[in-house]
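Same order as they appear, the protein sequences are chains Z and H.
The opening residue of the first sequence carries number 1 in the UniProt record's numbering; numbering runs sequentially from there.
The opening residue of the second sequence carries number 1 in the UniProt record's numbering; numbering runs sequentially from there.
Keep in mind the hints are simulated off the structure, nothing from the lab.
Computed from a predicted structure; not experimentally measured.
Any given hint could turn out to be false.
Per label pair, the in silico range of CB-to-CB distance [unchecked claim]: (1) Z/ALA197 / H/LEU26: 20 to 26 Å; (2) Z/ASP165 / H/TYR148: 47 to 53 Å; (3) Z/LEU19 / H/LEU94: 29 to 35 Å; (4) Z/HIS188 / H/TRP17: 25 to 31 Å; (5) Z/THR328 / H/ILE44: 40 to 46 Å.
No more than 20 Å apart at the CA atoms, straight line, and that leaves these computed lysine to aspartate or glutamate pairs for EDC-like [as the list claims (entries may be wrong)]: (6) H/LYS56 / Z/ASP207; (7) Z/LYS339 / H/GLU38; (8) H/LYS56 / Z/GLU351.
Covered by chain Z, according to a simulated footprint, are these stretches of chain H (three or more residues, beta-carbon under 8 Å) [as the list claims (entries may be wrong)]: (9) 49-59; (10) 66-78; (11) 113-121; (12) 151-163; (13) 230-240.
Idealized CB from N, CA, C, for every residue including glycine.
Each chain, letter by letter, is given below.
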Amino acid sequence: MKKLVQLFMAIVIVSVVLLAIISGLNSSEGYSGDNTLTIYNWGDYIDEELLSQFEEQTGIKVIYATFDSNEAMLTKIKQGGTTYDVAVPSEYTIDQMRKEHLLIPLDHSKLPNMKYIDERFMDLPFDPENKYSIPYFWGTVGIVYNPSMLDGKRITSWADLWDEDLRNQILLIDGAREVMGMGLNSLHYSLNDTNDAHLREAKEKLDTLTPNIKAIVGDESKLLLANEEAAVGLAWSGDASEIMYENEKLDYVVPKEGSNLWFDNMVIPKTAKNVEAAHQFINFMLDPKVAAQNTEYVSYSTPNKEALKYLPEEIVKDERFYPSPALTEKLEVYENLGKQNLARYNELFLEFKMHRK
Amino acid sequence: MQNKFTRNVFFIPYALWIALFVIAPLLLILYYSFFDIEGNFSLINYRKFFTPVYLKMTLSSFWYAFLITLISLLVAYPTAYLLTKTKHKQLWLLLIIVPSWINLLLKAYAFIGIFGTYGVANSFLEVIGIGTQQILFTDFSFIFVSVYIFIPFMILPIFNALDELNPALVYAAKDLGASGWVTFHRVIFPLTIDGVKSGCQVVFIPALSLFMLTRLIAGNRVITLGTAIEQHFLVTQDWGMGSTIAVFLVIIMFLIMLVTGKRKRGV
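Construct the complete structure from the given sequences, taking the supplied hints into account.
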């Protein structure tokens, strides 16, 4: 009995010590004092030099935290607890956060640099009049492929994926919107189509692609494509540029039938303590020179029209990442289709995944 | 002797645990399963479960879980038997258990490398003249990796059962003229059946709802009930349907326990 009590005591003491260490670490990480600014962004999604530049200019101390999915970020912000002053979610999450009242409206008078943003990327359905968000980066969904594994063949359209030469060569993303969208686009329907007959048709079209599909995976696809495990992959343009940096043989194309256009926008979540500094930071990031430097580092596409002037020709002229106006016309932003329709998309996607070779 | 009061005091943590972490979650799952995606009370999820999509998924989950259990058993039984015959059996046993200390995700990623087009497995096939095959993202790789992961859980109970087996019984069978095979299937196997049963339970039940390996190793070419639950909770946010599938899994598991759990007395 005495031994048992001792054991219990030991466990309690260890727990208390661990708890103290954890809370110590937490406060050193997320501490938001008088003039600090906590930024919550995707991993490796900013040139850190710019953070020190911002600190020098304003005297505000920046705390930088990262997330790896919109869902993870949303959960953390919903929980409260940590005082994030600026966050960078994707468009469909912004729509959700806006509806769930998790965002603080932006004061446009404090964001004079807003005028540099390309009008094409302003006032979009997920955030009318940019009341809550300002574009940070944008991109597309397209096809990454390895011409050297395809005897130099070029891919230009979704329809090309159905080619018999690509047997067992395609990696898809495990996302209902992306894959169903690919089916819809290949039939020249809208990405946001909710007509049940069209959706069914798209699912049946996708079923016929099964012999060419190697696997439907998550983030692993980046690794698998870079290692030439498969010749073709569905990918977001940002991931594509990352994979192409790893393996120079790869190429990226936005299919000519049209595709998805996505945004990551800066917002001020409800958890913010230093709203003033948050505006200062957003305005700072919108400065053309800053945006240009950031774009060169991150290598996604910048929505900042003025920043393009400070970027090297080969980046700005690269139609893979800055598609021509004709192609941009055909790109669509995901609309929040509501739970019912989203469930329909997921159901059909699940059925498609169950379709065996 | 303890009096009734202290005995009741000792019972409190157990009762709390059972109420909070066993009964409450089960009731919550049952409760959620009666709501459709808009949050209205309905039985639609149960009707949906009996559509071909989910029935097919249930059957295929069963089929894969069955294969995984069978193969694990076929490998584990002889292994456990040999282990009881070795000199340092605890050491050998430890070596088999050690891989289960490594995080499942790491092991899965390691297999992506091993089974890949340029991985070790394919270099070996190349050397022996078979040539490169697609191993990753096939039924074979899925079952192989699952068996690899579950095998320690199958070996342990069988090893314990075999280890407790009184060798005198085996000698007696031999003295009475039983051949090796007869000794095994009339004496050794019936006496270790409880170990085999608990091994099968520990493997079959989690194998029914495997979900991460179906993506990492099988590239979503194998869809189990676990995959569907994950998707309903995380992507569709249709907690009702996810809960309904979970309710059926609970019922199925209960039935399995009932079937394999009989004849628990004896030895």
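For the hint 40 to 46 Å, verify it against the beta carbon of Z/THR328 and that of H/ILE44.
holds, 41 Å
When you take the CB atoms of Z/LEU19 and H/LEU94, is the distance between them in 29 to 35 Å?
holds, 33 Å
Quickly compare the C-alpha distance for H/LYS56 and Z/GLU351 to 20 Å and report which way the hint goes.
With Cα atoms ~10 Å apart, H/LYS56 and Z/GLU351 stay inside 20 Å; holds.
Is H/LYS56 close enough to Z/ASP207, meaning Cα to Cα at most 20 Å?
The hint holds at about 17 Å.
Is the hinted range of 25 to 31 Å satisfied by the C-beta distance from Z/HIS188 to H/TRP17?
violated, 58 Å
In terms of beta carbon proximity below 8 Å, does the stretch 49-59 of chain H have 3 or more residues touching chain Z?
Coverage by chain Z holds for the stretch 49-59 of chain H (3 residues, Cβ < 8 Å).
According to a criterion of three or more residues whose C-beta lies within less than 8 Å of a C-beta of chain Z, is the stretch 113-121 of chain H covered?
holds (count 3)
What's the verdict on Z/LYS339 and H/GLU38, does the C-alpha distance respect the 20 Å limit or exceed it?
Roughly 8 Å separates the two Cα atoms, so the pair holds.
Given coverage of the stretch 230-240 of chain H by chain Z, checked by CB-CB distance under 8 Å (3 or more)
Coverage by chain Z holds here, the residue count being 7 at a Cβ distance below 8 Å.
Quick check: do three or more residues in the stretch 151-163 of chain H have a beta carbon closer than 8 Å to a beta carbon of chain Z?
It is violated: at least three residues are needed, and the stretch 151-163 of chain H offers just 0 whose Cβ sits closer than 8 Å to chain Z.
CB-CB spacing for H/LEU26 and Z/ALA197 relative to the 20 to 26 Å hint:
violated, 41 Å
With 47 to 53 Å as the target window, see if Z/ASP165 and H/TYR148 comply at their CB atoms.
At roughly 35 Å between Cβ atoms, H/TYR148 and Z/ASP165 fall outside 47 to 53 Å, so the hint is violated.
Hints 1, 2, 4, 10, 12 from the earlier list are contradicted by this structure; the remaining hints agree with it.
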